[in-house]
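Position chain A relative to chain G; hints supplied.
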Amino acid sequence: MIDPTTLPQLSALIGDIELRWPEHKSYLNKSFAGRSAEVLTVSEQLSDIVRRLARHTVGGIENLCDDYRFLCESIVLPEELYFRRHGTYRLTSFEDANRECYANAEFMNRYMNGLLVSGVVWDNHAHALAYFVNRYLPRLEPGTNHLEIGPGHGIFLYFAAQSDCIDSIAGWDVSPTSINNTRHALAALGVTRQVDLQLQNLFEVGVANPGGKFDSIVMSEILEHLEDPVAALRAATAWLRPGGLLWINVPANSPAPDHIFLVQSLEHAASIAQKAGLEVVDRVAYPMSGTTLEKAVKRKLAVSCVLTARKPG
Amino acid sequence: MRDIFDEEDLVATDDTTASDVAEWDSTNHVRLMVALEAEFGIRFETSEITAPETVGELIALIASKQDLKSA
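Quick note, the sequences are listed as chains G and A, same order.
Using this note's numbering, read the first sequence as starting at 1 and increasing by one per residue.
Using this note's numbering, read the second sequence as starting at 1001 and increasing by one per residue.
In short, the hints are calculated from the structure, not lab data.
Heads up, a few of these hints could be off.
Calculated pairs, EDC-like style, for lysine to aspartate or glutamate (alpha carbon to alpha carbon, straight line, at most 16 Å) [unchecked claim]:
| hint | chain 1 | residue 1 | chain 2 | residue 2 |
| --- | --- | --- | --- | --- |
| 1 | G | K300 | A | E1045 |
| 2 | G | K300 | A | E1008 |
| 3 | G | K295 | A | D1020 |
| 4 | G | K298 | A | D1003 |
| 5 | G | K295 | A | E1008 |
| 6 | G | K298 | A | E1037 |
| 7 | G | K295 | A | E1045 |
| 8 | G | K213 | G | E267 |
| 9 | G | K298 | A | E1007 |
| 10 | G | K300 | G | E79 |
| 11 | G | K300 | A | D1067 |
| 12 | G | K275 | G | D228 |
| 13 | G | K25 | A | D1020 |
| 14 | G | K298 | A | E1023 |
| 15 | G | K30 | A | E1023 |
| 16 | A | K1065 | A | E1045 |
| 17 | G | K25 | A | E1023 |
| 18 | A | K1069 | A | D1020 |
| 19 | G | K295 | A | D1006 |
| 20 | G | K295 | A | D1014 |
| 21 | G | K30 | A | D1067 |
Not close to chain G: a few residues of chain A, all C-beta gaps over 12 Å, as computed [to be verified]:
| hint | residue |
| --- | --- |
| 22 | D1009 |
| 23 | D1014 |
| 24 | V1034 |
| 25 | R1043 |
| 26 | I1049 |
| 27 | K1065 |
Note that CB positions come from ideal geometry on N, CA and C, so glycine has one too.
Okay, chain G solo, but in the shape it has when bound:
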């Protein structure tokens, strides 16, 4: 299936997962079966990152694979059941998500570990990252000031740090734990250029400091965690210079315990960006593993909605 001579890290990671979870093999086969060479190349890079980060993780790669299984079976599956029964996400307030998830450090650690591996395995996650690497970063102009809001694992910041067009890189988060995780990940991955990681609340700084300074802002898998994504995009837009780009990756119909805002489709995601005053210049939806976009839309299955939007002016 995956040629270990051309994609050694991906092949090894798949082997690691299969060792810990043999029953997952057919899903893995489906997930990689239709993946293009362009996307597989990014999956190979991310597999290398995962395996390098595993060396700095308690329990190593086995632990990461176990947490990926925990994510699929114990985190997502019960939420999927609720979503199918009721047509909504189970929680709708940040306070509830904070109580159930964010305040539980042990749970969040397993959750985030699982999501790191999902970036390779889940087709929609893999395609969204590949779009960022292969299509978004190359469109940035030389001298770009780049910001990521909620950088999490630091994977998108890592790839941004490889871009010659980016002059300065910043990352903001409201969680000190998350900022520390991002800092450690970038150090473990050998990123030597300066990345300005700050504890910043988007809403507070946006109000206090109107006027854009960034040419590029990334919000990947952020909006579904917020009660008012339009307000968040407006606040982020205030930090863009006129003509600057905002790259948004938001899942639709993707239940999780900390997803509180239900995006229903690519069109819905685009309308949220437009309500925030942005001009959507590119949009694409990537379905979950093992299905087509047509079937995913018909069945309301998870799709990653990827938008490139521009601040008018």
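Structure of chain A alone, referenced to chain G:
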């Protein structure tokens, strides 16, 4: 099952498993179970969702839930 898995020619027997049906993955399995809940007026426990490994076991589970309902 034909509707859930988009397979008009699907013929399921007691021995049919998820690996016999191309689109029978974890998400479509949940869709199937929720559709069965609506069809038969029953409610599965979360632990029962992934328990059946064959169609025969699934039918037995539905029957047991219906027995509980009528008891």
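These are the hints, each one checked on the structure:
Proposed proximity of G:K300 and A:E1045 is contradicted: the alpha carbons are some 23 Å apart, above 16 Å. Restraint check: the Cα-Cα separation between G:K300 and A:E1008 comes to about 20 Å, which exceeds 16 Å; the hinted pair is violated. A C-alpha spacing of about 20 Å is found between G:K295 and A:D1020, which places the hinted pair above 16 Å, so the restraint is violated. Between G:K298 and A:D1003 the CA atoms are separated by roughly 12 Å; this keeps the pair inside 16 Å, and the hint holds.
Restraint check for G:K295 and A:E1008: the C-alpha separation of about 15 Å stays at or below 16 Å, so the hint holds. For the suggested pair G:K298 and A:E1037, the alpha carbons sit about 21 Å apart, so the restraint of at most 16 Å is broken. At roughly 28 Å between alpha-carbon atoms, G:K295 and A:E1045 are farther apart than 16 Å, so this suggested pair is violated. Distance restraint check for G:K213 and G:E267: the Cα-Cα separation of roughly 29 Å exceeds the 16 Å cut-off, and the hinted pair is therefore not satisfied.
A C-alpha spacing of about 15 Å is found between G:K298 and A:E1007, which places the hinted pair at or below 16 Å, so the restraint holds. With a CA separation close to 14 Å, the supplied pair G:K300 and G:E79 stays within the 16 Å bound. Between G:K300 and A:D1067 the CA atoms are separated by roughly 32 Å; this puts the pair beyond 16 Å, and the hint is violated. At roughly 12 Å between alpha-carbon atoms, G:K275 and G:D228 fall within 16 Å of each other, so this suggested pair holds.
A hinted pair counts as satisfied when its Cα atoms are at most 16 Å apart, and G:K25 with A:D1020 qualifies at roughly 14 Å. Simply put, G:K298 and A:E1023 have alpha-carbon atoms about 14 Å apart, close enough for the 16 Å limit, and the pair holds. Taken as a hint, the G:K30 and A:E1023 pair is honoured in the structure, with Cα atoms around 10 Å apart against an allowance of 16 Å. Note on A:K1065 and A:E1045: the hinted pairing holds, with a Cα-Cα distance of about 10 Å set against a maximum of 16 Å.
A hinted pair counts as satisfied when its Cα atoms are at most 16 Å apart, and G:K25 with A:E1023 qualifies at roughly 14 Å. Of the supplied pair hints, the one linking A:K1069 and A:D1020 is violated, its CA atoms being roughly 31 Å apart against a limit of 16 Å. Straight-line distance between C-alpha atoms of G:K295 and A:D1006 comes to about 9 Å, which keeps the hinted pair within the 16 Å bound. Restraint check for G:K295 and A:D1014: not satisfied, since their Cα atoms lie roughly 27 Å apart, outside the 16 Å limit.
At roughly 38 Å between alpha-carbon atoms, G:K30 and A:D1067 are farther apart than 16 Å, so this suggested pair is violated. Distance to chain G confirms A:D1009 as a non-interface residue, since its nearest Cβ pair spans about 17 Å, more than 12 Å. The beta carbon of A:D1014 sits about 21 Å from the closest Cβ of chain G, which is more than 12 Å, so the claim that it is off the interface holds. Some Cβ of chain G comes within 12 Å of the Cβ of A:V1034; the nearest lies about 4 Å off, and the non-interface call is violated.
The beta carbon of A:R1043 is not kept farther than 12 Å from every beta carbon of chain G, the shortest such distance being approximately 9 Å. Not every Cβ of chain G is farther than 12 Å from the Cβ of A:I1049; the closest lies at roughly 6 Å, contradicting the non-interface assignment. The claim that A:K1065 lies off the interface holds: its Cβ sits roughly 15 Å from the closest Cβ of chain G, which is beyond the 12 Å cut-off.
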